[in-house]
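Visitor: Sequence:
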Amino acid sequence: MACPCNLENYTPFAPFGARGMFQASAGLFFTYVGFDAVSTVAEETKNPARDIPIGLFGSMVINTLAYCLLAMTLCLMQPSANVDKDAPYSVAFQAVGMGWAKYRVALGALKGMTSVLLVGAVGQARYLTHIARTHMMPHCLAKVHERTKTTINATAIMLVATAIIAFFTPLTILANLLSVSTLFIFMLVAVALIVRRYYVSGVTTQVNRIKLIVCLVLILGSSFGTAVYWAQSYGWIGYTITVPIWFVGTMGLWLFVPHARNPRLWGVPLVPWLPSASIAINFFLLGSIDKASYLRFGIWTGILMVYYLFFGLHLSYDDAKAKASRDRRMDEQSKVLEEVPAQEFVNVGNASTLGAT
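In full-length UniProt numbering, the protein residues as written are 1 to 357.
In case anyone wonders, no lab produced these hints; they're calculated from the structure.
Just so you know, these numbers come straight off a predicted model, no measurement behind them.
Where is the CB? At the ideal position from N, CA and C, for every residue including glycine.
Don't take every hint at face value.
With a straight-line cut-off of 30 Å between C-alpha atoms, the simulated BS3-like cross-links for lysine-lysine are [to be verified]:
#1 Lys85 with Lys102
#2 Lys211 with Lys85
#3 Lys291 with Lys149
#4 Lys46 with Lys102
#5 Lys111 with Lys85
#6 Lys211 with Lys46
#7 Lys46 with Lys85
Computed beta-carbon distance windows for the label pairs [what the hints assert, rightly or not]:
#8 Pro269 with Met21: 20 to 30 Å
#9 His314 with Met21: 41 to 51 Å
#10 Glu43 with Gly17: 39 to 49 Å
#11 Glu44 with Phe311: 47 to 57 Å
#12 Gln94 with His259: 37 to 47 Å
#13 Gly298 with Asp36: 47 to 57 Å
#14 Gln94 with Glu43: 15 to 25 Å
#15 Phe311 with Asp86: 38 to 48 Å
#16 Ile62 with Phe247: 54 to 64 Å
#17 Leu304 with Glu43: 44 to 54 Å
#18 Glu43 with Pro12: 28 to 38 Å
#19 Thr114 with His259: 21 to 31 Å
#20 Ala66 with Gln94: 34 to 44 Å
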């Protein structure tokens, strides 16, 4: 049987140009969501300071290489214009006369979806458990099974909710909405990393805090400006302004703001350059997503904000207040117990003195 590969399918190599590549990257970003699930099992890891970074980096490298090899193989079998959107590999194998392979691909796809559901349930259920422990969600979701030590209620609720949403929502809408959410959250994580590394309440001076705020404003503003400029297709002149501003903001952090906290075991390297680049890249990819996805993201975020402001915030505050009250009562009881033996010792001493006289 002749080889189904055709190198001419790589011409043109980028039929939609740089803009098409970035739009595809932003739309397919949801395929990389599973990496962060590794960090959610830190509580169940023997040596999280060593194992979590290895797991995150290793899974990311392996999966990225696998995605690239799969895309290269698919384009060798069919030109990019002929790739089927719903079942690309099955149709491609059928087109090159390898109909038997499409059944194996379908079986592998089913197995892959099962793995994705399992990983998603593990990660998201633990997010839900941590939120429930702060009483921002019903506390029953924080229940851990006595024998298996797993988050049984949160996992069950998450699987049911995921199945219902996936059944009634088209894949394109879900993919874009998840990509917007993921990029936005990853951007916030990079901002939080910078703040955590450079600011500690009561330790960071007022001057350094102002420097940190100014540099963050420069980084965020320039990154947002670059994304808007890219989305509107104004040309390249605006980048000569926004990119140098981003560089100045990052350089200012590096040179003029000292670290307020340094990790003892393992920390993100190349701070502030790596998190600052993450902010810029995430904003840039956000500028490649359609407006309808932002509208859905805004509606969903608004609903969650209403819940948090009117329910979750008050529940977590009440829980913290009750916990502080319990701690005060326990401290008072401890002081009483400490004073009782001392008083008894004084009484015994007085009785001994009276008996001797």
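Visitor: Are the hints correct? Go through all of them and say.
Guide: Evaluation of the provided hints:
1. Lys85 with Lys102: holds (15 Å)
2. Lys211 with Lys85: This hinted pair is violated, its Cα atoms lying about 49 Å apart.
3. Lys291 with Lys149: Violated, because 43 Å separates the two Cα atoms, which is more than 30 Å.
4. Lys46 with Lys102: violated (42 Å)
5. Lys111 with Lys85: Given pair Lys111, Lys85 holds - Cα atoms ~20 Å apart, limit 30 Å.
6. Lys211 with Lys46: Since the Cα atoms of Lys211 and Lys46 sit roughly 39 Å apart, the hinted pair is violated (cutoff 30 Å).
7. Lys46 with Lys85: The given pair, whose Cα atoms are some 43 Å apart, is violated under the 30 Å limit.
8. Pro269 with Met21: 20 to 30 Å: Once the Cβ atoms are compared, 27 Å apart, the range 20 to 30 Å for Met21 and Pro269 holds.
9. His314 with Met21: 41 to 51 Å: Check passed, 46 Å falls within 41 to 51 Å.
10. Glu43 with Gly17: 39 to 49 Å: This hint holds: roughly 46 Å between Cβ atoms.
11. Glu44 with Phe311: 47 to 57 Å: With a Cβ separation near 30 Å, Glu44 and Phe311 fall outside 47 to 57 Å, so the hint is violated.
12. Gln94 with His259: 37 to 47 Å: violated (57 Å)
13. Gly298 with Asp36: 47 to 57 Å: Cβ of Gly298 to Cβ of Asp36: about 23 Å, so the range 47 to 57 Å is violated.
14. Gln94 with Glu43: 15 to 25 Å: For Glu43 against Gln94, whose Cβ atoms are near 47 Å apart, the range 15 to 25 Å is violated.
15. Phe311 with Asp86: 38 to 48 Å: Taking Cβ atoms as reference, Phe311 and Asp86 lie about 40 Å apart, which means the hint holds.
16. Ile62 with Phe247: 54 to 64 Å: violated (33 Å)
17. Leu304 with Glu43: 44 to 54 Å: violated (25 Å)
18. Glu43 with Pro12: 28 to 38 Å: Given a distance of about 49 Å, which is not inside 28 to 38 Å, the answer is violated.
19. Thr114 with His259: 21 to 31 Å: Once the Cβ atoms are compared, 44 Å apart, the range 21 to 31 Å for His259 and Thr114 is violated.
20. Ala66 with Gln94: 34 to 44 Å: violated (23 Å)
The structure does not agree with the numbered hints 2, 3, 4, 6, 7, 11, 12, 13, 14, 16, 17, 18, 19, 20 stated previously, though it agrees with the rest.
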